[in-house]
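Start from the sequences, fold in the hints, and give me the full structure.
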Amino acid sequence: MTTSPDWRFLRAHPAHFLAFGFGSGLAKVAPGTFGTLVALPLFLLMLPLPLPVYLGVTAMLFVAGIKICDIAGRALGIHDYGGIVWDEIVAMLLVLAFTPHTWPWFTAAFALFRLFDIWKPFPIRQLDQSVHGGFGVMLDDLLAALYALAALKGLQWLTMHW
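Okay, so the sequence shown: first residue is 4 according to the numbering used here, each after it adds one.
Please keep in mind that the hints were generated in silico from the structure rather than gathered at the bench. There's no promise every hint is true.
[What the hints assert, rightly or not] Here are the computed lysine-lysine pairs in the DSS-like style, where the Cα-Cα straight-line distance is at most 30 Å: (1) K70 / K123; (2) K31 / K123; (3) K31 / K70; (4) K156 / K123.
[Said to hold, decoys possible] Cβ-Cβ distance ranges computed for the label pairs, FRET-style: (5) F138 / L118: 22 to 30 Å; (6) L43 / R128: 22 to 30 Å; (7) R11 / P107: 38 to 46 Å; (8) H164 / K70: 41 to 49 Å; (9) H16 / T110: 32 to 40 Å; (10) V32 / I81: 16 to 24 Å; (11) S133 / D9: 29 to 37 Å; (12) R11 / P53: 35 to 43 Å; (13) G136 / G59: 17 to 25 Å; (14) W165 / G26: 40 to 48 Å.
Note that CB positions come from ideal geometry on N, CA and C, so glycine has one too.
Spelled out as structure tokens, the structure:
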């Protein structure tokens, strides 16, 4: 068990590399933010997919993330280590699926997701504290994504009606 992961840790198992967002989770400051940024190039790669296929791929990444995050967390001995960012990546992919395709909206989506991921309003914080393992790691970010989507849709409605 290690609590100070490095590139050697990431190379030790494919799940470690994925859980740490291809290395973005090794950032010394704000690894969740850097991990969330990884979603953008993945989104651009997936953008040509029809929405049902895009959502199916995102759902598969979520399910895979349960195991990926569990393996990395067990290896570290820490359930939801801050450098494990696969959950942020997948959740942000979900948010981007329903975000208007302009940079101001991408920026708003990013900011809203990070806000709800960090703030963890009810019931996110409670679930984060009570649901453990890979599913717990993935679940709180899924809920933060849903909050971000609701806020984003509210902002879209406001901008259309001003």
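To see whether the hints hold, each was checked on the structure:
1. With a C-alpha separation of about 23 Å, the suggested pair K70 and K123 falls inside the 30 Å cut-off, and the hint holds.
2. Distance restraint check for K31 and K123: the Cα-Cα separation of roughly 22 Å lies within the 30 Å cut-off, and the hinted pair is therefore satisfied.
3. Straight-line distance between C-alpha atoms of K31 and K70 comes to about 25 Å, which keeps the hinted pair within the 30 Å bound.
4. Distance check on the hinted pair: K156 and K123 sit about 19 Å apart at the alpha-carbon level, within 30 Å; holds.
5. Checking the proposed 22 to 30 Å range against F138 and L118 shows it holds: the Cβ atoms sit about 23 Å from each other.
6. Between L43 and R128 the CB atoms are about 27 Å apart, so this pair conforms to the stated range of 22 to 30 Å.
7. At roughly 40 Å, the beta-carbon separation of R11 and P107 lies within the given 38 to 46 Å, and the hint holds.
8. Distance hint check: the CB atoms of H164 and K70 are about 44 Å apart, consistent with the given range 41 to 49 Å.
9. Between H16 and T110 the C-beta distance comes to about 34 Å, which sits within the given range of 32 to 40 Å.
10. For V32 paired with I81, a C-beta distance near 18 Å keeps the hint of 16 to 24 Å intact.
11. Against the hinted window of 29 to 37 Å, the Cβ-Cβ separation of S133 and D9 comes to about 31 Å, which satisfies the hint.
12. In this structure, R11 and P53 meet the distance hint of 35 to 43 Å, their C-beta atoms being roughly 40 Å apart.
13. Judged by the Cβ atoms, the range 17 to 25 Å given for G136 and G59 holds: they are separated by roughly 24 Å.
14. At about 42 Å, the CB distance of W165 to G26 agrees with the hint of 40 to 48 Å.
Hint compliance for this structure: no hint is broken.
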